[in-house]
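Peer 1: Listed below are the residues making up each chain.
Protein chains: 4
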Amino acid sequence: MTLQEVREKAKLTIGPHCKVCPECDGRACRGAIPGPGGKGTGLGFIRNYQELKKIRLTMDTIYQSVQVSTEARLFGRTFRLPVFAAPVGAVGLHYSDAYDDLSYSSAVLNGCLRAGSAAFTGDGVKDEVFKGTIEAIKAIGGVGVPTIKPWSVKEVLAKARMAQDAGAFAVGMDIDAAGLAVLAMQGKPVSPMPVEALATIAGSVSMPFILKGIMTAEGARKALKAGAKGIVVSNHGGRVLDETPSSIEVLPAIVEAVGGKMSILIDGGFRTGLDVFKALALGADGVLVGRPFTYAVYGGDEEGVFLTVEKIRAELAEAMVMTGAATLADIDRSKVSYQAEG
Amino acid sequence: MTLQEVREKAKLTIGPHCKVCPECDGRACRGAIPGPGGKGTGLGFIRNYQELKKIRLTMDTIYQSVQVSTEARLFGRTFRLPVFAAPVGAVGLHYSDAYDDLSYSSAVLNGCLRAGSAAFTGDGVKDEVFKGTIEAIKAIGGVGVPTIKPWSVKEVLAKARMAQDAGAFAVGMDIDAAGLAVLAMQGKPVSPMPVEALATIAGSVSMPFILKGIMTAEGARKALKAGAKGIVVSNHGGRVLDETPSSIEVLPAIVEAVGGKMSILIDGGFRTGLDVFKALALGADGVLVGRPFTYAVYGGDEEGVFLTVEKIRAELAEAMVMTGAATLADIDRSKVSYQAEG
Amino acid sequence: MTLQEVREKAKLTIGPHCKVCPECDGRACRGAIPGPGGKGTGLGFIRNYQELKKIRLTMDTIYQSVQVSTEARLFGRTFRLPVFAAPVGAVGLHYSDAYDDLSYSSAVLNGCLRAGSAAFTGDGVKDEVFKGTIEAIKAIGGVGVPTIKPWSVKEVLAKARMAQDAGAFAVGMDIDAAGLAVLAMQGKPVSPMPVEALATIAGSVSMPFILKGIMTAEGARKALKAGAKGIVVSNHGGRVLDETPSSIEVLPAIVEAVGGKMSILIDGGFRTGLDVFKALALGADGVLVGRPFTYAVYGGDEEGVFLTVEKIRAELAEAMVMTGAATLADIDRSKVSYQAEG
Amino acid sequence: MTLQEVREKAKLTIGPHCKVCPECDGRACRGAIPGPGGKGTGLGFIRNYQELKKIRLTMDTIYQSVQVSTEARLFGRTFRLPVFAAPVGAVGLHYSDAYDDLSYSSAVLNGCLRAGSAAFTGDGVKDEVFKGTIEAIKAIGGVGVPTIKPWSVKEVLAKARMAQDAGAFAVGMDIDAAGLAVLAMQGKPVSPMPVEALATIAGSVSMPFILKGIMTAEGARKALKAGAKGIVVSNHGGRVLDETPSSIEVLPAIVEAVGGKMSILIDGGFRTGLDVFKALALGADGVLVGRPFTYAVYGGDEEGVFLTVEKIRAELAEAMVMTGAATLADIDRSKVSYQAEG
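Chains as they are written, first to last, in our numbering: chain X, 22 to 363; chain Y, 22 to 363; chain W, 22 to 363; chain U, 22 to 363.
The set of hints was computed from the structure by calculation and includes no laboratory data. Note that CB positions come from ideal geometry on N, CA and C, so glycine has one too. Don't take every hint at face value.
[Stated by the list, open to error] A few chain U positions that, by computed beta-carbon distances, are all more than 12 Å from chain X:
#, residue
1, Lys32
2, Arg101
3, Gly145
4, Glu149
5, Glu156
6, Ser225
[What the hints assert, rightly or not] Once the Cα atoms are required to be at most 27 Å apart in a straight line, the calculated BS3-like pairs of lysine-lysine come out as:
#, chain 1, residue 1, chain 2, residue 2
7, X, Lys74, Y, Lys74
8, X, Lys75, Y, Lys75
9, Y, Lys75, X, Lys74
10, W, Lys75, X, Lys75
11, X, Lys74, W, Lys75
12, W, Lys250, W, Lys152
13, U, Lys74, W, Lys40
14, U, Lys75, X, Lys75
15, U, Lys74, W, Lys75
16, X, Lys75, W, Lys74
17, U, Lys282, U, Lys250
18, W, Lys250, W, Lys175
19, W, Lys332, Y, Lys209
20, Y, Lys75, U, Lys75
21, X, Lys332, U, Lys209
22, U, Lys74, Y, Lys75
23, U, Lys74, X, Lys75
24, Y, Lys74, U, Lys75
25, X, Lys74, X, Lys40
26, W, Lys209, U, Lys332
27, W, Lys75, Y, Lys75
28, W, Lys40, W, Lys30
29, Y, Lys250, Y, Lys175
30, U, Lys75, W, Lys75
31, W, Lys74, U, Lys74
32, U, Lys40, X, Lys74
33, Y, Lys32, Y, Lys74
34, X, Lys209, Y, Lys332
35, Y, Lys75, W, Lys74
36, Y, Lys40, W, Lys74
37, W, Lys74, Y, Lys74
38, X, Lys74, U, Lys75
39, U, Lys32, U, Lys332
40, Y, Lys74, W, Lys75
Turn these sequences into a full structure, and let the hints guide you.
Peer 2: What follows is the structure, encoded as structure tokens:
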């Protein structure tokens with residue numbers, strides 16, 4: 022199976038909303054919810070992609086060649102590369118019923134595991150989703166990050182404990198899902214949460230707690246204060262609030278605020294190992310990749326996921342060779358040029 | 022009735038010039054007068070829309086959730102949100118004869134009233150238009166702002182008195198209508214007016230006088246000196262002079278000049294509650310929305326207007342939730358990022 | 022006859038190269054020589070148009086209304102507006118044989134005269150062209166500016182004397198025509214000229230000498246030193262050298278260098294009275310308009326020219342009303358906002 | 022034969038990947054490898070072209086006209102213009118089998134020689150390619166620059182000696198070919214090389230050693246330290262690493278670092294003599310032109326190459342006339358305006 026075959030098959034199975042575009046840039050699907058698009062004008066998604074394209078790699082091949090290592094140590098574990106599958110939920114609604122949230126999670130968890138990566142998995146209105154995913158994570162020795170929505174503190178605590186019991190190496194919360202009005206309509210309201218509530222949650226589990234959906238230095242400081250061990254800089258792919266900045270352009274200020282004090286992951290528009298390289302150069306510790314795994318799963322299940330991670334790893338390694346970086350620690354600000362939007 | 026149905030019906034009734042575009046951005050109708058377009062190249066309209074799209078919202082959902090209030094106090098009254106219908110005139114000419122200025126005003130006045138907002142209404146060459154509108158405002162207890170064109174001082178004074186007698190909570194003048202050469206051609210010349218004349222007008226009525234069509238800090242200072250209680254930062258939707266700046270990009274300098282000393286409203290390209298949020302963040306006290314009400318009326322009459330206000334209010338409230346603003350006072354400069362054109 | 026009819030007729034008569042586009046911006050005809058296009062990539066022409074579009078007008082209608090005057094005093098004469106027809110040559114080649122250089126010159130000279138403006142006329146490889154044009158200028162009392170190509174000094178002196186004998190109120194030279202290789206191929210070489218040669222020419226006639234094709238402050242200083250009473254800031258519509266800056270973006274530096282010491286005219290992409298207003302606001306004393314007169318002549322002869330000047334004058338007057346400028350002297354830098362390319 | 026005929030014929034013979042576009046800007050072929058495109062998104066190629074278009078020429082024709090000379094002295098030789106054919110390899114794969122690497126090299130070597138220029142020639146997986154090219158260079162008195170890939174030092178030394186024996190006036194290495202994974206797949210790995218290894222190579226031959234693929238000031242300093250007499254600022258036409266800067270935008274920093282201490286050539290997106298002029302104005306000593314020679318050869322063999330060089334020379338000379346540069350030394354920073362991307 023090749024990635025080209027995966028894409029071709031995905032076009033047949035992924036449903037009416039996603040077009041499996043040659044450039045997955047948020048244009049064809051803008052405003053398509055249900056579907057994979059950004060909300061409203063779609064600018065949250067589109068800007069993620071476009072802003073990444075402004076960052077350029079500093080090529081220099083005059084140096085003593087060594088074997089490149091993409092290995093990353095994060096949250097007490099070693100990964101083959103600092104790239105993870107982002108949580109994706111309600112796939113039956115946004116894509117097609119060829120998969121449901123459980124079978125989708127299973128495919129990304131196993132594919133990522135095999136490739137030396139790991140998957141973040143999603144949460145849903147129905148309890149079976151989270152439960153089933155937790156079991157899948159348990160079955161592979163805890164190599165996955167269950168990501169809980171900002172329900173009531175009580176419910177979050179219960180789910181965090183389930184994650185801990187399953188041996189998950191970390192547990193996440195997408196705090197920006199507070200903007201998903203559709204959840205309240207289904208009788209399961211979500212809401213913003215203060216530092217105190219987050220601290221209670223972080224303190225209730227023994228493994229690292231990761232807050233996803235941070236877009237400001239102040240937000241990052243609050244996450245740190247709450248005891249989070251990591252954050253994901255993210256605008257939720259443009260799906261919870263229209264017209265936000267791209268995640269990459271707010272990264273530098275966040276790195277300045279909390280860099281070195283917690284792990285900083287990022288998602289939004291990342292497609293290639295070169296994109297991953299850019300985020301690392303700007304100070305991120307790792308990257309979550311979202312939509313590319315949707316067509317990977319719909320077109321190739323676990324194998325599609327594995328091939329996608331492999332491709333990204335090869336691209337990252339190549340970028341390191343061409344810029345003279347032997348390890349991730351060598352990928353610093355000097356390796357890219359970038360003028361942020363503002 | 023849904024807004025989608027309103028739009029579909031509007032396409033059938035609104036006439037040949039307006040295309041009810043998915044993005045109402047001034048491109049399809051550029052130069053179309055009669056019609057809804059901007060004058061000449063249409064850049065006055067187009068820039069309004071484009072410049073608003075450059076402003077980005079600062080997302081942060083780590084805070085103690087509270088009930089959001091979009092309530093605004095302006096001109097001695099409380100509104101459910103700081104959004105008003107902009108005056109639109111000669112609808113029979115620019116759109117279709119499914120409506121005339123009286124039936125149009127009636128629809129926006131009543132729809133806005135019901136939604137907790139209020140409408141600015143227009144003026145015309147024929148006296149019946151203003152007279153009829155005044156009666157409609159009187160019938161709903163004065164919840165509307167008659168907007169007088171810059172005719173002779175004598176005529177303006179007479180009309181302002183009519184507005185006062187009808188109990189209108191404010192009276193406006195679109196001073197930039199001085200550029201409407203078409204009025205002179207119909208025997209009713211308009212012209213620029215000095216501070217002194219405006220002061221006479223402002224001093225002749227007991228309710229607030231609002232000057233619409235301010236595009237510079239100096240113009241705002243003159244309006245203040247004339248005794249106006251409010252201004253509308255506006256390039257008249259690009260219809261009185263081609264190639265002006267957008268209204269949003271001149272807002273910050275105007276806020277610096279007169280902010281806190283008078284109420285600052287703005288119009289030009291505002292479509293969603295997110296757009297409203299941006300103006301408030303840059304220092305405006307309220308927003309006038311124009312063209313969206315034209316298809317609201319042609320497609321849904323009073324109900325279409327009501328639904329449009331409701332949609333904008335919901336979007337504004339959602340933006341407040343996602344940025345951590347409980348009241349309008351919390352929407353400050355830190356809630357957006359923006360680099361003005363120049 | 023209306024300008025719309027003029028345009029419609031021009032489409033039938035103007036030949037295969039010019040498309041009489043709704044926006045005459047140099048795109049459809051890029052690289053079309055023969056034809057009206059800019060050389061090579063066409064960027065010289067295209068940039069002229071685009072850069073003008075970046076300049077925005079400062080609207081303010083709060084002031085005591087007075088009668089606007091567009092009257093300009095230049096080169097010892099009073100014109101109804103500071104706008105002139107630019108010299109256009111070889112019209113039979115670049116447009117169609119419905120006109121030749123003599124009949125074309127006659128139409129612009131007479132149309133401009135009637136509208137209170139004046140035309141610059143061109144020069145050609147064949148002596149009859151210049152001779153005939155001179156006679157036409159003489160016939161209307163010298164209200165035209167013969168523009169000589171940079172041939173040998175001897176030939177230029179002879180032609181300048183012919184212009185003087187005809188009573189022309191000024192005489193010009195398009196020094197940038199040194200780039201027209203096509204002339205050398207026809208046995209009439211042109212070349213750059215030093216200050217000394219230009220001083221000889223300027224000193225040989227009693228009326229003002231105008232150098233056209235200045236694009237730098239240094240070039241303007243040299244023109245001043247040569248005794249020129251005026252310059253035309255111009256990249257020759259992008260037709261002598263590809264990839265130059267636009268004329269408008271180099272204007273401010275030139276104004277700073279020689280403003281007040283000589284008359285500064287400009288051409289390149291000017292279409293409307295608003296465009297004229299922009300150049301005046303940036304310090305120009307007058308504007309030459311080129312291509313719009315080609316479709317004016319081909320579609321309406323002298324009458325088309327007259328209507329075109331009238332339209333530009335009305336637009337200029339309207340811009341003055343909307344910005345509070347009573348005379349040309351009031352159109353200063355505060356009346357526009359502009360960020361030049363660099 | 023005209024260049025227009027060359028282009029027409031090339032369209033028939035050049036194969037399926039190259040479209041011989043009117044503007045050879047890297048868009049139609051983006052990602053096309055095999056083919057002439059840039060890798061991945063194609064941005065490396067596309068940016069080269071676009072960034073050059075941002076540089077504008079400073080026109081001034083007021084000066085004493087002299088005969089322009091485009092003559093350049095480089096690497097101990099005098100060339101009619103400072104423009105060379107860039108090395109292109111595997112033409113049978115990327116274009117069509119109407120040519121192979123030997124016949125292609127022969128055409129560019131001879132065409133360039135005749136036009137007073139010289140060609141850089143490529144290297145390949147099979148030894149016959151390099152060997153054959155060397156013989157072709159020997160046959161024309163050494164007027165060519167064999168360009169060796171970064172194989173093992175031993176192999177490079179052997180090939181450099183072959184170049185020296187053939188009398189080549191210089192020998193090059195495209196150090197950035199370290200990114201061509203396809204070579205390793207064919208059993209001939211390439212890799213980055215440290216300064217020491219490059220110094221060994223440079224020291225092993227008597228003629229100048231030129232390092233191609235420098236994109237940073239630091240890389241240029243290392244090349245200088247290694248004893249290279251020249252560098253080619255190049256991103257390999259976007260074919261070894263995606264998303265690099267354009268070569269022209271990194272040129273100024275490189276000139277500042279090593280200008281005057283070694284010869285600085287550049288390639289990437291150069292199409293016309295005006296493009297060459299821009300690089301010289303920014304401090305380059307010469308320019309390599311790549312893709313235009315591919316359609317020159319496929320459409321006109323040696324004669325197509327000759328005509329292409331002649332065209333570029335005429336354009337360069339014309340730009341010099343229009344900006345007042347008599348020799349290449351006169352083409353300095355004042356002759357262009359440019360704001361680099363970052």
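Peer 1: Are the hints correct? Go through all of them and say.
Peer 2: Consistency of the hints with the structure:
no., hint, in the structure
1, Lys32, "holds (25 Å)"
2, Arg101, "holds (32 Å)"
3, Gly145, "holds (19 Å)"
4, Glu149, "holds (26 Å)"
5, Glu156, "holds (29 Å)"
6, Ser225, "holds (17 Å)"
7, Lys74(X) / Lys74(Y), "holds (19 Å)"
8, Lys75(X) / Lys75(Y), "holds (17 Å)"
9, Lys75(Y) / Lys74(X), "holds (18 Å)"
10, Lys75(W) / Lys75(X), "holds (24 Å)"
11, Lys74(X) / Lys75(W), "holds (26 Å)"
12, Lys250(W) / Lys152(W), "holds (24 Å)"
13, Lys74(U) / Lys40(W), "holds (25 Å)"
14, Lys75(U) / Lys75(X), "holds (17 Å)"
15, Lys74(U) / Lys75(W), "holds (19 Å)"
16, Lys75(X) / Lys74(W), "holds (26 Å)"
17, Lys282(U) / Lys250(U), "holds (8 Å)"
18, Lys250(W) / Lys175(W), "holds (21 Å)"
19, Lys332(W) / Lys209(Y), "holds (22 Å)"
20, Lys75(Y) / Lys75(U), "holds (24 Å)"
21, Lys332(X) / Lys209(U), "holds (22 Å)"
22, Lys74(U) / Lys75(Y), "holds (26 Å)"
23, Lys74(U) / Lys75(X), "holds (18 Å)"
24, Lys74(Y) / Lys75(U), "holds (26 Å)"
25, Lys74(X) / Lys40(X), "holds (21 Å)"
26, Lys209(W) / Lys332(U), "holds (22 Å)"
27, Lys75(W) / Lys75(Y), "holds (17 Å)"
28, Lys40(W) / Lys30(W), "holds (12 Å)"
29, Lys250(Y) / Lys175(Y), "holds (21 Å)"
30, Lys75(U) / Lys75(W), "holds (17 Å)"
31, Lys74(W) / Lys74(U), "holds (19 Å)"
32, Lys40(U) / Lys74(X), "holds (25 Å)"
33, Lys32(Y) / Lys74(Y), "holds (25 Å)"
34, Lys209(X) / Lys332(Y), "holds (22 Å)"
35, Lys75(Y) / Lys74(W), "holds (19 Å)"
36, Lys40(Y) / Lys74(W), "holds (25 Å)"
37, Lys74(W) / Lys74(Y), "holds (19 Å)"
38, Lys74(X) / Lys75(U), "holds (19 Å)"
39, Lys32(U) / Lys332(U), "holds (20 Å)"
40, Lys74(Y) / Lys75(W), "holds (18 Å)"
Checked against the numbered hints above, the structure violates none of them.
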